[in-house]
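In order, the protein sequences belong to chains A and B. All residue numbers for the first sequence refer to this note's numbering, where the first residue is 499 and numbers rise by one. All residue numbers for the second sequence refer to this note's numbering, where the first residue is 499 and numbers rise by one.
No lab work stands behind these hints: they were computed from the structure. It is possible that some hints are incorrect.
Repeated chains share a single entry, so a pair holds when one copy, or any two copies, can fit it.
Distance condition first, Cα-Cα at most 20 Å in a straight line; then the derived EDC-like pairs of lysine to aspartate or glutamate [as the list claims (entries may be wrong)]: (1) K618 - E628; (2) K618 - D629; (3) K618 - D719; (4) K782 - D629; (5) K618 - E791; (6) K618 - E608; (7) K782 - D854; (8) K782 - E759; (9) K782 - E628; (10) K618 - D861; (11) K618 - E664; (12) K618 - E730; (13) K618 - E679; (14) K782 - E608; (15) K618 - D657.
There are 2 protein chains.
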Amino acid sequence: MIFVCPRPPERCGRIIRRKKLQMSAQNDRGTPRPTLTEVARVAGVSVGLASMCLTGAPGPAERTREHVREVARRLGYRPDKAASLLARSTIRRIGVVFSLRQALHAQIVEDLYRAALAQKYELLLSAATEDHPARTAAEHLLDSRCQAIILVSSRPQRDAISAAAEQVPVVLLGSSTDSSEVSSIQVNGYSGVCQAVRYLRSAGHTRIVFADAAEALGSTDRLIGYRSAMAEIGLGDLTRIVAGGETFQSGVQAASRLAREPNLPTAVIAHNDECAAGLIFGFKIRGVQVPDEVSVVGFDDSGFAWQSGLIMTTLHQDVTQIAALAVAEATRRIDSAEATTHPAQTRITPTLRIRDSSGPCPDLRLAAVSS
Amino acid sequence: MIFVCPRPPERCGRIIRRKKLQMSAQNDRGTPRPTLTEVARVAGVSVGLASMCLTGAPGPAERTREHVREVARRLGYRPDKAASLLARSTIRRIGVVFSLRQALHAQIVEDLYRAALAQKYELLLSAATEDHPARTAAEHLLDSRCQAIILVSSRPQRDAISAAAEQVPVVLLGSSTDSSEVSSIQVNGYSGVCQAVRYLRSAGHTRIVFADAAEALGSTDRLIGYRSAMAEIGLGDLTRIVAGGETFQSGVQAASRLAREPNLPTAVIAHNDECAAGLIFGFKIRGVQVPDEVSVVGFDDSGFAWQSGLIMTTLHQDVTQIAALAVAEATRRIDSAEATTHPAQTRITPTLRIRDSSGPCPDLRLAAVSS
Numbered sequence: 499m500i501f502v503c504p505r506p507p508e509r510c511g512r513i514i515r516r517k518k519l520q521m522s523a524q525n526d527r528g529t530p531r532p533t534l535t536e537v538a539r540v541a542g543v544s545v546g547l548a549s550m551c552l553t554g555a556p557g558p559a560e561r562t563r564e565h566v567r568e569v570a571r572r573l574g575y576r577p578d579k580a581a582s583l584l585a586r587s588t589i590r591r592i593g594v595v596f597s598l599r600q601a602l603h604a605q606i607v608e609d610l611y612r613a614a615l616a617q618k619y620e621l622l623l624s625a626a627t628e629d630h631p632a633r634t635a636a637e638h639l640l641d642s643r644c645q646a647i648i649l650v651s652s653r654p655q656r657d658a659i660s661a662a663a664e665q666v667p668v669v670l671l672g673s674s675t676d677s678s679e680v681s682s683i684q685v686n687g688y689s690g691v692c693q694a695v696r697y698l699r700s701a702g703h704t705r706i707v708f709a710d711a712a713e714a715l716g717s718t719d720r721l722i723g724y725r726s727a728m729a730e731i732g733l734g735d736l737t738r739i740v741a742g743g744e745t746f747q748s749g750v751q752a753a754s755r756l757a758r759e760p761n762l763p764t765a766v767i768a769h770n771d772e773c774a775a776g777l778i779f780g781f782k783i784r785g786v787q788v789p790d791e792v793s794v795v796g797f798d799d800s801g802f803a804w805q806s807g808l809i810m811t812t813l814h815q816d817v818t819q820i821a822a823l824a825v826a827e828a829t830r831r832i833d834s835a836e837a838t839t840h841p842a843q844t845r846i847t848p849t850l851r852i853r854d855s856s857g858p859c860p861d862l863r864l865a866a867v868s869s
Numbered sequence: 499m500i501f502v503c504p505r506p507p508e509r510c511g512r513i514i515r516r517k518k519l520q521m522s523a524q525n526d527r528g529t530p531r532p533t534l535t536e537v538a539r540v541a542g543v544s545v546g547l548a549s550m551c552l553t554g555a556p557g558p559a560e561r562t563r564e565h566v567r568e569v570a571r572r573l574g575y576r577p578d579k580a581a582s583l584l585a586r587s588t589i590r591r592i593g594v595v596f597s598l599r600q601a602l603h604a605q606i607v608e609d610l611y612r613a614a615l616a617q618k619y620e621l622l623l624s625a626a627t628e629d630h631p632a633r634t635a636a637e638h639l640l641d642s643r644c645q646a647i648i649l650v651s652s653r654p655q656r657d658a659i660s661a662a663a664e665q666v667p668v669v670l671l672g673s674s675t676d677s678s679e680v681s682s683i684q685v686n687g688y689s690g691v692c693q694a695v696r697y698l699r700s701a702g703h704t705r706i707v708f709a710d711a712a713e714a715l716g717s718t719d720r721l722i723g724y725r726s727a728m729a730e731i732g733l734g735d736l737t738r739i740v741a742g743g744e745t746f747q748s749g750v751q752a753a754s755r756l757a758r759e760p761n762l763p764t765a766v767i768a769h770n771d772e773c774a775a776g777l778i779f780g781f782k783i784r785g786v787q788v789p790d791e792v793s794v795v796g797f798d799d800s801g802f803a804w805q806s807g808l809i810m811t812t813l814h815q816d817v818t819q820i821a822a823l824a825v826a827e828a829t830r831r832i833d834s835a836e837a838t839t840h841p842a843q844t845r846i847t848p849t850l851r852i853r854d855s856s857g858p859c860p861d862l863r864l865a866a867v868s869s
């Protein structure tokens, strides 16, 4: 038997093949009484979530709760006591969707564990991979009765966000969305790049290039910061954007291209630390000295800030603070049904950490030598 | 009220603070009837697992099932139908414990997703971090009704392994254990390093150094491979082990130390690709040419094999094959209660991929030039 879920495909999107009609008991008229599994199926939610909605457990959004209750009423569902108790014994559990292979995500997840343990919450993880989109990852976490989802993303995941936000509180880390139901915590890329430009100018640099990662989330924000700050300090005409990418390898390639130019820029601001580490490495193996000939500034202060053989000047994101805020926001919304309608949008300003990959503009040094 | 779990501490190890006595109904004598939560608590297992044991769902080991049934009998537990049905609607779910920040683990987890989806299993992840030991990670997965645990480890995790193996099938990836209840799939480090030594010898090298990672799992195996192969090719007297470590940074440091020596070795075999990438980078920034002056061989063929600006000669682990085997072994043991007593131990032989970080011994080249 094949049942088509009554929700529109973009909200549910799956056909449920029902192996066996499960009946817990006969109702008063002797016909099969619907089980919680039935209610969940018809409502297009997981069994865990249906149970949370019907028992009043914290977590689900009010409109999901209403929808499930309505379906239960319509089907004539009467809860069994044991099932309700099972549901109420739910462990306090937050789900995290993240990307494998990103140094910053790994750090964030580590700090999310720390913050969640302090609040006596368990974390469960589900990775977004090529075969396993963020939306599926979020569904698996909901099936495991997570009461909120924290989505650590570096790419927009609109469908995953809206599907999860219909069911439980969602906190986005590293990005934002126009949905009014979703909380978000992101770094202020605009402010970060402005700080980097002003610092480099104060060190005498004028030929300051921005190595962009066009497809990455947050790249527009950083690019606007670069343009604004360059204009503000009177260098609007020297603005130059090159393709930098998000990876070590793309940074090495960008350095290769720049190193071949007759008139090397004196400073490069990279989209992230991976790219900056690649730039530093790429310059070095082509005999361009960092920071004597060119300064390189990263973004994130992730593990990569130490992987170029130089300790990198970068925009430090306080990952511990971000993780603590994320868990606090998730638990606030789990604990207060009221608050689900008022998600918080937070922007954290990064701080510039000046280390070994940047220094005075070489033109200034030459001038000092020749005078 | 504080209840001490009746299992010995090394098997359960936690004092459960009971917030509220949960009662589902009164029994025939009017005293509270124990709930599934009670049974689970007294048996020292999760609610999900207790339910699986009592309903006969596949997954739990026979002796766990017996233990839970015995506790249920002792407490006078009578299952409610709805609770049993909830348990039987269990989704097919495998839990994975892994380490964040390891490139190879990220690859393995990606491939586990691919393999699990093909078998129509969901994966749930729980990371082992400093604050969140592997044992806790495994417990959270069991609480979420995972029917088997795949433990991807680079350090021994005896307590986590034995605690989980008492409850569900466990498959260790990357290591093995002496427990007869645990399946394992690991790479043959001995064979891998032997291949590397023989290849380097055939390219004329004699001063072949092994950069060891003393604390890492599998390091002994690789070290023995190095010693045996060196002895076999008549270079037993030239055996030399230096501290290499497992990270990019430790590789950079090892290269620094080696580059200062008057008589540089002509080849270095590293414990893993991270260390090898650090060695390549460290040599390059000190002006030592790779591979012209020194050949470097990594191990794993992880993402790091491409992050040293050179495509690295390394021992390729077929991660896709390993992941598929792990999922196949987990599902075999879930599906066949009988098979839980016959876990499989598998060793995969890596294959040497000769790329740009290794070449002929420089002494040979000099000889060719001077003749």
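Each hint tested on the structure:
Taking the shortest Cα distances, K618 and E628 sit within 20 Å of each other only across copies (16 Å), while inside one copy they are farther apart (32 Å). Taking the closest pair of Cα atoms, K618 and D629 come within 20 Å of each other only across two copies (13 Å); inside a single copy the shortest separation is 32 Å, beyond that limit. Taking CA atoms no more than 20 Å apart as the test, K618 paired with D719 passes in neither setting, with 35 Å inside one copy and 40 Å between copies. For the homomeric pair K782 and D629, neither the shortest alpha-carbon distance inside one copy (37 Å) nor that between copies (38 Å) is at most 20 Å.
Within a single copy, K618 and E791 get their C-alpha atoms no closer than 51 Å, and across copies no closer than 55 Å, so neither meets the 20 Å cut-off. In this assembly of identical chains, the alpha carbons of K618 and E608 lie at most 20 Å apart only when taken from the same copy (15 Å versus 29 Å across copies). Within a single copy, K782 and D854 get their C-alpha atoms as close as 14 Å, and across copies as close as 19 Å, so both meet the 20 Å cut-off. In this assembly of identical chains, the alpha carbons of K782 and E759 lie at most 20 Å apart only when taken from the same copy (15 Å versus 22 Å across copies).
In this homomeric assembly, K782 and E628 never come within 20 Å of each other (Cα to Cα): the closest approach is 34 Å inside a single copy and 35 Å across copies. With identical chains, the CA atoms of K618 and D861 are never at most 20 Å apart, being 56 Å at best within one copy and 62 Å at best between copies. In this assembly of identical chains, K618 and E664 lie within 20 Å of each other by CA distance neither inside one copy nor across copies; the values are 25 Å within and 25 Å between. For the homomeric pair K618 and E730, neither the shortest alpha-carbon distance inside one copy (47 Å) nor that between copies (56 Å) is at most 20 Å.
In this assembly of identical chains, the alpha carbons of K618 and E679 never lie at most 20 Å apart, being 25 Å within a copy and 32 Å across copies at closest. With identical chains, the CA atoms of K782 and E608 are never at most 20 Å apart, being 32 Å at best within one copy and 33 Å at best between copies. In this assembly of identical chains, K618 and D657 lie within 20 Å of each other by CA distance neither inside one copy nor across copies; the values are 30 Å within and 22 Å between.
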